[in-house]
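Asker: Chains as they are written, first to last, in my numbering: chain A, 1 to 690; chain B, 691 to 839.
Hints are computed from structural coordinates only; laboratory data are not their basis. Note that the Cβ used here is the ideal one computed from N, Cα and C, for glycine as well. A few of these clues could be false.
Each pair of labels, with its calculated beta carbon distance range [claimed, not checked]: (1) 569/A / 808/B: 17 to 23 Å; (2) 182/A / 838/B: 52 to 58 Å; (3) 707/B / 96/A: 39 to 45 Å; (4) 42/A / 838/B: 28 to 34 Å; (5) 46/A / 707/B: 45 to 51 Å.
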Amino acid sequence: MDRRHLLKAAGAALLVPVLAEAQQAPPGSPPGPPPTAIPPGESPNAGPGRVTAFLRIGADGRVTVLTPILEMGQGTHTAHAQIVADELGVPLSAVTVEVAQPEGPFRYTPVNEQYAGASWGVRLIQPRLRRAAAQARAVLVEAAAQRLGVPAGSLTLAEGRITHAASGRSLAVGEVAEAAAALPLPEQPRLQPAAERRLVGQPVPRLDVPAKTRGAAVFGQDVRLPGMLQAVAKLSPAHGAAMAGFDAAPARAVRGVVDVVPLGTRGVAVVATDTWAALKGAEAVVIRVEAALRAAARVVDATYEVPALAHAPLETDNCTVRIQGDAAEAWAPTQHQDWVRAAVAKGAGVAPEKVRVHTTFAGGAFGRRLMVEVAEQAAMVARAVGRPVKLTWPREEEFAQGYYRPAHACRLRAALDAQGKLTGLWFRSAGQSVMGDYRPGFMARGPAILDPFALQAVTDTPYRFGAFRSEWVRTEGPAKSWLWRSVGGSQNAFFLECFLDEVAAATGQDPYALRRALLAHDPRRLRVLQTAAETSGWGTPAPAGRHRGIAFCEIYDSPVAQVAEVSVERGTLRVHRVTVAIDCGEVVNPGQVTAQMEGSVAWGLSAALHEAVTLREGRTEQRNFDAYPILRMEEAPVVETHILTTPGVPVGGVGEPGVPPVAPAVANAIFAATGKRLRSLPLLQHDLRA
Amino acid sequence: MIELVVNGEARRLDLDPDMPLLWALRDHLGLTGTKYGCGIAQCGACTVHLDGAAARACQLRLGDLAGKRITTIEGLHPAGDHKVQRAWVAQQVPQCGFCQSGQIMGAAALLAATPKPSDAEIDAAMAGHLCRCGTYQRVRAAIHAAAQG
Ligand code: FES
Ligand code: FES
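Taking the hints into account, I'd like the entire structure generated from these sequences.
Answerer: So, in structure tokens, the structure goes:
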């Protein structure tokens, strides 16, 4: 019997994903900041001058910010450094940012895990860092006051020096850091007023960019340890099918191959003195697979459809593990330090408290690096061969092993009054549950649990439709589903925003005017929509041969509107320009917001034009970039970004909210150009000739 | 034994002649700036210079490289201050950075052969460089900037 659950939501208030996640499970905002004080007992982040849990200040005045967030290209570490330098009163050049070992202050409630997701790298961490830096500032000043024998109130801390203006005496922060670390932290430290900030709000250059132009940044794949062996995975090629056996002899015959280590029933790792030998060995190994395969559920009756998608970060997944006695160390480009710790502990057969997790730079993440299977596998191999091992998934495994943005289908219906005004909307989508694989326990709590990602950007849309019903039908499939940059927003904005365009066309309305009316009650969102329309020249003639499409979406507290300008000539589509307006609340680094909008448009456009994962006999058909093309240089449009701020609105997400409007803006522009309504992705599968 | 010149230094490698240069650089010479992204000439992350021209290290057989001059990102400029690297910093091109060694090596080879490339020439030369983070607009701007300065 198939397990389908029909879930109904009467209105937007019931199922706001972020809120639901926070109340019931991840990944959401914790109710309040966790302690910034160092937890009692032995800390895995211990070090001299650890003034608060988040900050270490060396005798040389160097400030190390400890953060739960990895640097995966989103620029978060630079934003963290800006925040701390401003609040503490030190130069930016004195600050370095390091991903913390998993520990209490870096974990989120209620799940009690340290990880990165939901575009929270700045919005969630900023209040904690500000508070920690303000506390550090207070105890540094207090320690200096004791040293100089003057009242703390007579001292100022700026540019890394604590100065007693009356006597002209001063101390560097490094000189009092150790003394300050012994002082109790104030509960309510004084935060710097906005007027005092020199760095927050400025387009400060990225701290990691110079190393990344010299090949010097160390990604997971670049980790090298003395005596280390290289391993590559060769896994069962069929989704949901266990390995029944394997023949290692041909691999062992390859020069340089040291061992072939089984990875449970998932497959094997071929271990060698270098990666080339391991790759050749993996090619030679024969894996036998269980026969029975489940077929994918077919969903019929759909109006709109989107396919499964792969993350395809340019750095394939990997982990390096060293086991010494009852302890282990892992180097991983991971979004989830606690899960890596647990996975390595399991694979290495040691206690989780005995595992140190070193988070490296990640060559892209996009949700993919919340998967930690490779970490357990690396530990299994290191344990089996008794040497440090780096295990890499080759590109072919990266594509083949699933964890996709799940395919979805969606049917929509609109009710209109005699004047063509929208009086009601019905949205019904079907697809696999992301939560079902990401956090199975969440979906297993009952028979009809709504995956909070399934109707993301639908139940919580700021549009007012009149009567509004949204439903999601859970389907099953053989490949695993996973969080993929912008998660549910990635498909739902395509469904909803294209459909609104259809409503506009059917009623003879301008697509922008129709959306304006739906947001008339909400000045903040309206301003975002209006900015995109006006700066793109909406309502004025487009350059010859070009046509415009508009779309709007809000996820993670940042409304985004986009206008795409396209041409279709003799069936060839070209996206020339995308105008983006975003209101992400307070802005820490406008340069990074702009960069993220450019990257989000490229990401969204890549999926909209090209990307699809398809299965045949339970196996993924696309194994490399030749069969899974992604956006290329010559297809990249000009992206023009307008950043809006609303006073009093806290920092919103930036890494993901730019993605959802891309596909519908482009599809709507194609309709304007050709009169063809494309209801499925990828767009380039359709014939656009007249 | 294969003898070749890497970043100006003569190197002797006793390795499988079928091994792609990529793995010799990364695993045996410790030059990890050259990246593995696909292994089949589809992504450009492994781009190096072979006698001054851009080439995919995942496709170069060690056995064919005797006497050749190889330059990797680490050897592009002694202080990492090549005009392309400077332009990359000025335009803040990298996001995750994983594709950028290859992009920079591709751009440097393009500019060496075509000092003032047009947009179409940039497209043609850089089409084989994938960037999953979508930095294309800045790559283009940085190539133009490097061509100016
Ligand atoms: S690794 Fe050589 S082109 Fe991708
Ligand atoms: S910067 Fe991440 S792949 Fe290009």
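Asker: Work down the list of hints and note, for each, if the structure agrees.
Answerer: Structure-based check of each hint:
1. 569/A / 808/B: 17 to 23 Å: With a Cβ separation near 21 Å, residue 569/A and residue 808/B satisfy 17 to 23 Å, so the hint holds.
2. 182/A / 838/B: 52 to 58 Å: holds, 55 Å
3. 707/B / 96/A: 39 to 45 Å: holds, 43 Å
4. 42/A / 838/B: 28 to 34 Å: violated, 56 Å
5. 46/A / 707/B: 45 to 51 Å: Cβ of residue 46/A to Cβ of residue 707/B: about 50 Å, so the range 45 to 51 Å holds.
Consistency note: the structure conflicts with earlier hint 4 alone.
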